[in-house]
Amino acid sequence: MKELVPTRPESFFSDRFNVNPSLMEKVLGSNLIGRVDDADIYLEYCINEELLLEEGSVKKASRHVSQGAGVRALAGTRTGYAHTDDISMQNLEEAARQARAIADRGGASAAVALPSRGRPHDLYTLAEPPVAADLARKLELLKRVDAATRAADARVTQVIASLASEEVVLLIATASGWTVGDIRPLTRLNVTAIAEENGRREIGSHGGGGRVPFDWFLEEERWRRFASEAARQAVLKLRAVEAPAGAMTVVLGPGWPGILLHEAIGHGLEGDFNRKGTSAFAGRLGQRVASELVTVVDDGTIPNRRGSLNVDDEGTPTGRTVLIEKGILTGYMQDRLNARLMGMKPTGNGRRESYAHPPLPRMTNTFMLAGEDDPEDILRSVTRGLYAVTFGGGQVDITNGKFVFSASEAYLIEDGRVGAPVKGATLIGSGPEALTRVSRVGRDLKLDEGVGTCGKDGQSVPVGVGLPTIRIDEMTVGGTAV
Amino acid sequence: MNADLLVDVLKRAVAKGATAADGFLAEDSHFTASVRLGELETVTHARDQRLSLRVFAGRASAAASTSDFSRASLERLVDEATMLAKITAEDPCAGLPDPGELIACVPDLALEDTSGGEPTPEEKIEIARTCEAAALESDPRVTNSEGAEYYDRRTRYAYATSHGFAEGYRTTSFGISVSPVAARNGEMQRDYWYSTARKRSGVEDPAAVGRTAAHRAVRRLGARKIKTVEVPVIFDTETAASLVRSVASAASGPSLYRRASFLLDRLGTKIAAPGVTIVDDALIRGGLGSRPFDGEGLAAGRTVLVREGVLESYLLDTYSARKLGMKSTHHAARDGSGVAVSTSNLMLLPGTAKPADLIASVKSGFYVTELIGFGVNGVTGDYSRGAVGLWIENGELAYPVEEVTVAGNLLAMFAAIDGVGDDLVLHDRTASPTLKIGRMVVAGN
Chain U
1 MKELVPTRPE SFFSDRFNVN PSLMEKVLGS NLIGRVDDAD IYLEYCINEE LLLEEGSVKK
61 ASRHVSQGAG VRALAGTRTG YAHTDDISMQ NLEEAARQAR AIADRGGASA AVALPSRGRP
121 HDLYTLAEPP VAADLARKLE LLKRVDAATR AADARVTQVI ASLASEEVVL LIATASGWTV
181 GDIRPLTRLN VTAIAEENGR REIGSHGGGG RVPFDWFLEE ERWRRFASEA ARQAVLKLRA
241 VEAPAGAMTV VLGPGWPGIL LHEAIGHGLE GDFNRKGTSA FAGRLGQRVA SELVTVVDDG
301 TIPNRRGSLN VDDEGTPTGR TVLIEKGILT GYMQDRLNAR LMGMKPTGNG RRESYAHPPL
361 PRMTNTFMLA GEDDPEDILR SVTRGLYAVT FGGGQVDITN GKFVFSASEA YLIEDGRVGA
421 PVKGATLIGS GPEALTRVSR VGRDLKLDEG VGTCGKDGQS VPVGVGLPTI RIDEMTVGGT
481 AV
Chain X
1 MNADLLVDVL KRAVAKGATA ADGFLAEDSH FTASVRLGEL ETVTHARDQR LSLRVFAGRA
61 SAAASTSDFS RASLERLVDE ATMLAKITAE DPCAGLPDPG ELIACVPDLA LEDTSGGEPT
121 PEEKIEIART CEAAALESDP RVTNSEGAEY YDRRTRYAYA TSHGFAEGYR TTSFGISVSP
181 VAARNGEMQR DYWYSTARKR SGVEDPAAVG RTAAHRAVRR LGARKIKTVE VPVIFDTETA
241 ASLVRSVASA ASGPSLYRRA SFLLDRLGTK IAAPGVTIVD DALIRGGLGS RPFDGEGLAA
301 GRTVLVREGV LESYLLDTYS ARKLGMKSTH HAARDGSGVA VSTSNLMLLP GTAKPADLIA
361 SVKSGFYVTE LIGFGVNGVT GDYSRGAVGL WIENGELAYP VEEVTVAGNL LAMFAAIDGV
421 GDDLVLHDRT ASPTLKIGRM VVAGN
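Here the protein sequences come in this chain order: U and X. Residue numbering for the first sequence follows our numbering, beginning at 1 and increasing consecutively. Residue numbering for the second sequence follows our numbering, beginning at 1 and increasing consecutively.
Because the hints were derived from the structure by calculation, they are not lab data. Computed from a predicted structure; not experimentally measured. Using N, Cα and C, we set each Cβ at its ideal position, and we do this for glycine too. Please note: incorrect hints may appear among the correct ones.
Said to hold, decoys possible - Which stretches of chain U does chain X cover? Using the computed rule of at least three CB atoms under 8 Å from a CB of chain X, they are: (1) 62 to 69; (2) 119 to 126; (3) 152 to 163; (4) 238 to 246; (5) 386 to 398; (6) 423 to 431; (7) 465 to 479.
With the rest of the complex left out, here is chain U (with noise of 0.2 Å):
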């Protein structure tokens, strides 16, 4: 497998499929500059390797290749994007001329694209990507799981655990001249327990990972952690009680409970959505939209993290932008496309889920800035109201701002105590407003394990969140316990 760990992305797409960066220019050159407002070409290898193991052993095994190459012509507010997934010169020319036939339906445009070169960062680059570790040890790894996932536990029935790991080559070339690439691995390691006591069942899961070796897994004995996590969840689940239903204030904890922010906020301040004017934020930079304890940034350039990126994937390098500072409105996530039109910077923030996608603008690691509290003060501080600390997805509806994240592990707060622990709720917010009840903010900011997957417009793209404690005065709280 060694083969398919090349060391430049350049070299790789040269030696297997003949295209290099002064062809890829030249198709730009021949069909693209000049006539365009902006145009890149984006080749994608991609190596994805699947374990799963389920009743004891690993019976699914699976390893998929998907290569191509997204070519994008962009006049105006106009895209044209063709791809293919058989990458030679002759599709690459043809692709730019269905792409080109956009710019020629409609006016001139004035914009015209910044250039977007900036050094690109390394903040994943490994002796031994995850896909390129030895089979033996993944399958070794996952029997470890399960038998620790049980072993926690006497209730533990079911133990599904999955390794997945995967590899990214990808090489761009834009209208500005410039030409990038990035190798980007990716790992992750599930486990889900199913407990059962007296005819109840219940489920539990944890995992994590990140642009990470394999051996993460093993540092800290990080498998043991999400294994016993798994199994912990899904036995006090077994004992839940009724979610409350109203509402009430709501304490979250550290880490992923941070999906609060990529769907209260995240989403809203996505360049696409502003420029259109169809996001709940739309026109309010400078203005307060959050309590003045609040700082929340996307940030793209820390190491090793799951929603890292040297570059994004139109080429600009990713940066930290600052979403909202001390409560204000002050910045928005952008992709080259919505940044010309707005007359703003790319911030990095232009991503695709693969070539058959065209870039838009989303989140990379979003995160909550620490406070001051103590987080056991926090809790105090409640007489009435929810705990919160593990979360399953969440949705936002940007327009009118109205967001719900869902809690899979979360307790009663009595006075100032914590209590049972209740069935998952959803809890619901309105985006602008939910922010600014934020009353105590912990000193103990967290970043989740590594376990996001975001979905817009159908593109699914990895990220992380992160979150110190936090109360909200008020939330809405989805249970049936009237």
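Got chain U; can you put chain X on it based on the hints?
Showing chain X alone in chain U's frame:
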């Protein structure tokens, strides 16, 4: 069809030591055009292909897939799959279906539009433009738009096994969708409508789709949050379909043998009110979910999942059926990692109630038109999702509601269905008439 390529790959797998193998090939070309506020926004042309291979080494198996059909890549695909099959554990339930069970004669389900008369890209863009324009013009409160989209897609599928079976079929699909934004006094509301069909002529009038979307967006203006309350809840056809999907997911083989389903051990028992019959029918001519055979070459058919409230069948592929000591219900679907289970045309059969009468029967309650979030626990059936809709007062839709949740347990919810509408339309692969649930908790202020 490129079935020859598939057959060659399977031969190579056997030559490499596989005891059996099967493969699925999909080739697809599609075109999409989106417009926003009358201006062309995005045009995409594409061709995609994927070959998925599953190999067996005795009772151990592995899967691999690729979009690269070069000789070298296909050889690597086979080598990797056979290598992976050697490291996975033996499983007595693994294996292909018995060759005698494979489909003998592939029926023509009219899934491909062969009428010709392909419009030009300009004409296709105009369809999207017409759809959006109708939304913008139908009400002055519709002031903005996320755009309208036209798409068409042609796909060819082939399935082959190392036993010598090789069959294929072709499908087409066409669709339009639009997402207008209505505004009033600083409030903005977006909604959505769409139409999709196997044949070009089956797609609804673009202007009608636009007007429906506009109506849906405008009726959300002035939305309020309500006090937390327990009331009758009516799900419109779109949101009711999502409830049906949750039941099918819990009835699927992999959820069951993993003991991760609230329908475990409930076969033959009452899981819903008597008015509830749920059918999965793969053979509807021109159906969006129709398929002549499943992902393992087994003839697709009509399965009654729930009959008059009683759970009558699970949804199984060969592997999950063997795990459960049952027979496949021919619901295998190929996904990247091998074989999964999927429904075809899944529907809750209509009752006799007029939707308007269902609404009229409620003194105070909630009519749900959109659900958001992922708050469904498939293991317990616990249900809690964000909802948007209209408040019912004295039997009439009174005002829009937002930022609330609806919560319960799917088993209790299906048992409490006391009204099934007569308005089933196969608008999508999963469809339901309007459903009324006796009581649910709606959480708000």
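Hint-by-hint comparison with the structure:
Only when three residues or more bring their CB closer than 8 Å to a CB of chain X does the claim for the region 62 to 69 of chain U stand; here the count is 7, and the claim holds. Remark: the region 119 to 126 of chain U is not confirmed as covered by chain X, as 0 of its residues place a Cβ nearer than 8 Å to a Cβ of that chain, below the required three. Restraint check on the region 152 to 163 of chain U versus chain X: 3 residues with Cβ-Cβ distances below 8 Å, three needed, restraint holds. As drawn, the region 238 to 246 of chain U meets chain X at 3 residues by the rule of a beta-carbon pair under 8 Å; at three or more, the given contact holds.
Proximity of the region 386 to 398 of chain U to chain X, defined as three or more residues with a beta carbon under 8 Å from a beta carbon of that chain, is established by the 7 residues found. Given a C-beta distance limit of less than 8 Å, the hint that chain X covers the region 423 to 431 of chain U holds, as 7 residues qualify and 3 suffice. Counting residues of the region 465 to 479 of chain U whose beta carbon lies closer than 8 Å to any beta carbon of chain X gives 4, which meets the minimum of three for the stated coverage.
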